[in-house]
Amino acid sequence: MEKHLIEEWFELYVKDITSYLMYYTGSIDVEDLVQETFLRAMKKLTVYKENGHPKTWLISIARHMVIDQYRKNNVWNKIRHLFIKEQNILIDMEQHIMINQENIVLYHTINKLPAHYKEIIILKGIMEMSSKEVSKVIGSNENNVNVLYHRSLKKLKELLEEEGFEHGRI
Amino acid sequence: MEEYKILEEKLKSLPKYTLETDNKKKILYSLKSKSATQKYTAPLKPIMSFLSIAIILLFLFFTSSLFNNFNAQQGAIFTIPDRNQQVVGVKGKIGVLVFNEQFVAEDSRRGAKLMLYFWGDANKLVGKNYRVEAVDLKGENIELTKGILSSGLNSEDAHALTSFVPFPTEGEWQLSFYVEDDLFEAFTINVLPPFPKTKHYTLLYSPKEIPVGKLAELNIESTIGKKETIEVKLIDEKGIVKETSTFKLDSSAIDAKTNQTIYHYSGEITWVEHGKWRLLIDGEETGLFEN
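So the protein lines, in turn, are chains A and B. Residue numbering for the first sequence follows the working numbering, beginning at 2 and increasing consecutively. Residue numbering for the second sequence follows the working numbering, beginning at 930 and increasing consecutively.
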């Protein structure tokens, strides 16, 4: 029964998890992370609370996983921005986002946001999750999510304007 | 929020991603196989823990009967008044006359030519079969000796001149004395660690018997006797020579068991403190021992 549940969830939410991980890590190479997310979910299935939504639960698992990994690689991550890696990832993603100049600039700018802003933009803005869902994922309440989302949008807009985007177009 | 409407629309229009079909299949397959193996491990866990607890309990149950809780009193050293001899045993019941009132593991010398003294009802002792058994804390059981009791020489009611087989290990042993298969008396002793020895030389004192801080007269037994004197060095744990002494050959004898000539050297060494030591006897090193 557990088995079927996880497989069912995989079919239903693989798109959400993949999108989240791609935007969050800035890499298109997230296949392993997606798999690890579902494996972890399988192991933790006994602590899964029925009243929570599996989608937010799965995304929060993915989130914890990448945060863990980020902490582990923290030192390397800090210096790797100075090198070429970041550039490669961006090029990867640009190729995926494809052709649309506006999208590329938007994506670039999102990546310039502080981590907690970036996260909320991904979850609420791009993935179109409700404030309630986002609050479940990041372990906060709806009010905070709304406030944070508003600040993130404001910051994003400011950065875009700095990039030379015409005010009217955004 | 009005002012961000366009920006929000833009964000929503950013592409959503999913994995390629091949990748999805691969992950789905690994989820299936993992959950399949999990199916077996999940119920296995409580079974395994139950089994291991059961095994531990069984082990404890069986070994508890093996681990002896010595119920006998500790052997006391007392003096037989009529001949001023010190023996180890239970006053008024049993006494063992042994050099220094101490047994040493692996050593047959001290167990050779022992006197056993029995006090009790001479009619129930003299001429009867006796047997001495020893058991250690791990449950190792050995028969030290057996024979027939003779009448008392002085104040005791019966005696036996005999030899004990060597104790295989140091530590606590309980000695049980049986007369005609009935337990007559039992007491415990502490068997000392084996004598420090080299290929040819054996110190005839257990280091624990040698007093600290004063000059001790010692004997060393040797299977070679070419030299009139031998050099003995006391080395501490770190390998530093603390004392160098000369031992002189003073006697030789034929070992009854091996028919070999054995030689005795005597000399003096001072241990200034307790610790771990080695002896370098005529260039041969003993193992590490504690005093």
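Hint data in this document are derived by calculation from the structure and do not stem from the laboratory. Here a beta-carbon is modelled for each residue, glycine too, at the ideal position from N, C-alpha and C. Any given hint could be a false lead.
[Stated by the list, open to error] Calculated lysine-lysine pairs in the PhoX-like style (CA-CA distance at most 20 Å, straight line):
1. K934/B <-> K44/A
2. K56/A <-> K16/A
3. K16/A <-> K974/B
[As the list claims (entries may be wrong)] Not everything, but these chain B residues come out facing chain A in the computed CB check (under 8 Å):
4. Y933
5. S959
6. L980
7. I984
8. I985
9. K1162
10. E1166
11. K1167
Practice problem: Could you tell me which of the numbered hints above are not met by this structure, giving the numbers in increasing order? | Solution: Checked against the structure, the hints that fail are numbers 1, 3, 6, 7, 8, 9, 10, 11, while the rest are satisfied.
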